[in-house]
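Chemist: Chains as they are written, first to last, in the working numbering: chain A, 1 to 324; chain B, 1001 to 1090.
Hints listed in this document are in silico derivations from the structure and should not be mistaken for laboratory results.
Bear in mind the structure is a predicted one, so any value in this text is a computation, not a measurement.
Don't be surprised by glycine CBs; every beta carbon is placed ideally from N, CA and C.
Some clues are possibly wrong.
Straight-line distance between alpha carbons at most 35 Å, and here's what the computed DSBU-like set of lysine-lysine pairs gives [stated by the list, open to error]:
1) K200(A) to K85(A)
2) K210(A) to K163(A)
3) K1080(B) to K1005(B)
4) K279(A) to K200(A)
5) K1005(B) to K163(A)
6) K1080(B) to K163(A)
Some chain A residues well away from chain B (every beta-carbon gap over 12 Å; in silico) [as the list claims (entries may be wrong)]:
7) D15
8) G38
9) E122
10) G153
11) L190
12) G237
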Amino acid sequence: MRSREQTEADPLALDCARAQREIAESIKEAIVRFRRRGAVVAVSGGVDSAVCCALAARALGSERVLALLLPERESSADSERLARKVVAALGVPFERHDITAALEAMGCYARRDEAVRAVVPEYGPGWRNKITISGGLVGQFNHFHLVTASPDGTRMERRLGLKEYLQIVAATNFKQRTRKIMEYYHADRLHYVVIGTPNKLEYDQGFFVKNGDGAADIKPIAHLYKSQVYALARDLGVPDEVLAATPTSDTYTLPQEQESFYFALPYRELDTAILYLEKGRPASDLARAIGVDDVTAARIYADICAKRRTTRYLHEPAILVGGA
Amino acid sequence: MSSVKNQVRDYIMDNFLMGLRDVIVTDQASLLDLGIIDSTGVIELISFLEETYGIRVEDAEIVPDNLDSLEAIERYVARKTFESASSLTA
Chain A
1 MRSREQTEAD PLALDCARAQ REIAESIKEA IVRFRRRGAV VAVSGGVDSA VCCALAARAL
61 GSERVLALLL PERESSADSE RLARKVVAAL GVPFERHDIT AALEAMGCYA RRDEAVRAVV
121 PEYGPGWRNK ITISGGLVGQ FNHFHLVTAS PDGTRMERRL GLKEYLQIVA ATNFKQRTRK
181 IMEYYHADRL HYVVIGTPNK LEYDQGFFVK NGDGAADIKP IAHLYKSQVY ALARDLGVPD
241 EVLAATPTSD TYTLPQEQES FYFALPYREL DTAILYLEKG RPASDLARAI GVDDVTAARI
301 YADICAKRRT TRYLHEPAIL VGGA
Chain B
1001 MSSVKNQVRD YIMDNFLMGL RDVIVTDQAS LLDLGIIDST GVIELISFLE ETYGIRVEDA
1061 EIVPDNLDSL EAIERYVARK TFESASSLTA
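Next comes chain B alone, as it looks inside the complex (with noise of 0.2 Å):
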């Protein structure tokens, strides 16, 4: 099954970069910083996130530290599914 990393790195080439190939989205690279997205793109990504995973991203986790890279969203997904997957058990 692919990793989150690569899953997002899918959505971003096809629906941000139009599948074009000249830019490099490595996992540790900031998307912002890359121009890749803005407070719009943020949306975006946040609906995908939310579609994909099945997860609530709060207000307070719209941050760069869980979504500025493939590497940091991977690691936020983790967490938030855990946190999920907890509390249905508790």
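Bound conformation, chain A alone (with noise of 0.2 Å):
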């Protein structure tokens, strides 16, 4: 048993095998109480697919469990790489389908292009772009910019307006959806449940695309901080370079780390903030705890909240009326 000292020392330390116990009945319970037979999980290369696929074959064994590699042309071709290597590692079953068709029959590029052009007039063929958040931790509102390159790589950001703005997000969107639907088409054909790769930190923020990446039958390790994500991932055997990488969304096509796109800060210090605000630690710990002012402390619990506002219809189910 841990002492009182270690606890406190590092409050986000895990115990590794407990938890993969845990996980590993409750993927169990899941299939039998959805009477499946086993799971599917979209592999990324990033450490959370990574970790459910080991989790799900730990509990179920590989052969029960189907990993799709679901890229599309503005895809990183690293990350697929990552993706084959987890699998590999893992000795999971794969298929890989290539999203490219489907997204374009949408026109998930060409409404994302519109309304990126409204933006920037001359962005076309060969430009990138990404959308940045930012604000609350300088005591703003949270407000976007949209980042593009040029062929030539000359960077241009401004300031999204509402209209832009959503239509950029609604378009990428199509992208975790069709995924999902790729998913669920699996799990229908193999009669499997679908596994949900969220983490603590996603899932808390509203990091997700409310019925794409967001859906799934089970979530395996949305209570888990990142930093016991990466723990678990170590004790699993997902493949170093899998560790190494630095998280991303690969969902625009400039490189894009989550921590420039949605959280406000590194995910070790994001996953201290989450878990003191829970604690009801006051803003001074925190500031203490990972370097900062008093101020910057607050204002990073106050951006915490703040997502977790915008973000909660994410979370909610269809209303009923009359209560039903």
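If you follow the hints, you should be able to join the two separate chains into one complex; please do so.
Modeler: Here it is as structure tokens:
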């Protein structure tokens, strides 16, 4: 048993063996409850889906897991390379479907580019883009910027108005939703469940697409902080290269680290901030723990709460009129 | 002529609250604390202010001191329109 001092020294420390046992039990219980026979996991090349895939394989046996690699034309080549390493290391069968044609047919790229051009008229073939969120940590309301890079590498950053912001996000959401359609196709075909891969930071802060990557039958790591996911990944034998890669959204064409897109902090600090907020510890404690001043720590708390408020809708099921 | 406060209140009642009158938006009330605006709502509010009053809201001005209550918004819009008029006559 760990001493009180050890617990306080590293409140995010995870008993990996115990976590694996509990999660494996939960996965098996979900499958029995839903009367399914196995699990589908989309493997992106990132650490979260790698851990989910490994946990499913441990719980059910690799032969009862199907991994899906679902790239599209704007995915980083590195993502697929890492995803292949994951499934090879775990010995899990996989299928690969390029979803580009489906996205083109639905107008994902064209609708996004139309909104981008409304902000940057010269945007065209060979240009790249991403959205960033900022403001919360400097006492502002969060707001969004479009960053573009022309083929010669010239960068431009413009604040997004409502219409363009919503259209760009709505169009890129086709990616997560199309992947989920493919996951459920295979789950239905094989009589499997779909495993969702959000970690606690993503789940808490609403960093997922409703009915996209937010849709699943079981979310085995939504209670784990990102640093705990890494600890579990090391324990489960996830390839080192996956552990070493910077977490990205792999949704936009410019490289986009999660912390510049959505999270205001590196994951280790955000882990601590959410943990401290949940434990009701004052901002001054957080300030000392992550080495910022008290004002910044208070703004971090406010930013976490603001993102929870903004994304509450993503967690809500449909409202049944009459309280049925 | 209707005050900025009343115009913004009407806008909020019509667009954010769908005319439901069970939320009282007083002049001083925090729109954030009332749960009326979030980060998307702020962008929407900014678009309304820019279009209605012909001002440009700079990034550094997207702060609660300027936008979190009807009173703050009225003060902010008055300052921006004054600055804009001053720069035209300078």
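Chemist: Each of the hints needs a verdict: does it hold here or not?
Modeler: Outcome of the hint check:
1. K200(A) to K85(A): 25 Å, holds
2. K210(A) to K163(A): 19 Å, holds
3. K1080(B) to K1005(B): 15 Å, holds
4. K279(A) to K200(A): At roughly 15 Å apart (the allowed maximum being 35 Å), K200(A) and K279(A) satisfy the hint.
5. K1005(B) to K163(A): 24 Å, holds
6. K1080(B) to K163(A): 24 Å, holds
7. D15: 37 Å, holds
8. G38: 39 Å, holds
9. E122: Answer for E122(A): holds, closest chain B Cβ roughly 22 Å.
10. G153: Its Cβ never comes within 12 Å of chain B, the nearest being 24 Å, so this holds.
11. L190: L190(A) clear of chain B: closest Cβ-Cβ about 38 Å, beyond 12 Å.
12. G237: Per Cβ check, G237(A) is outside 12 Å of chain B; nearest 39 Å; holds.
Of the numbered hints stated above, none is contradicted by the structure.
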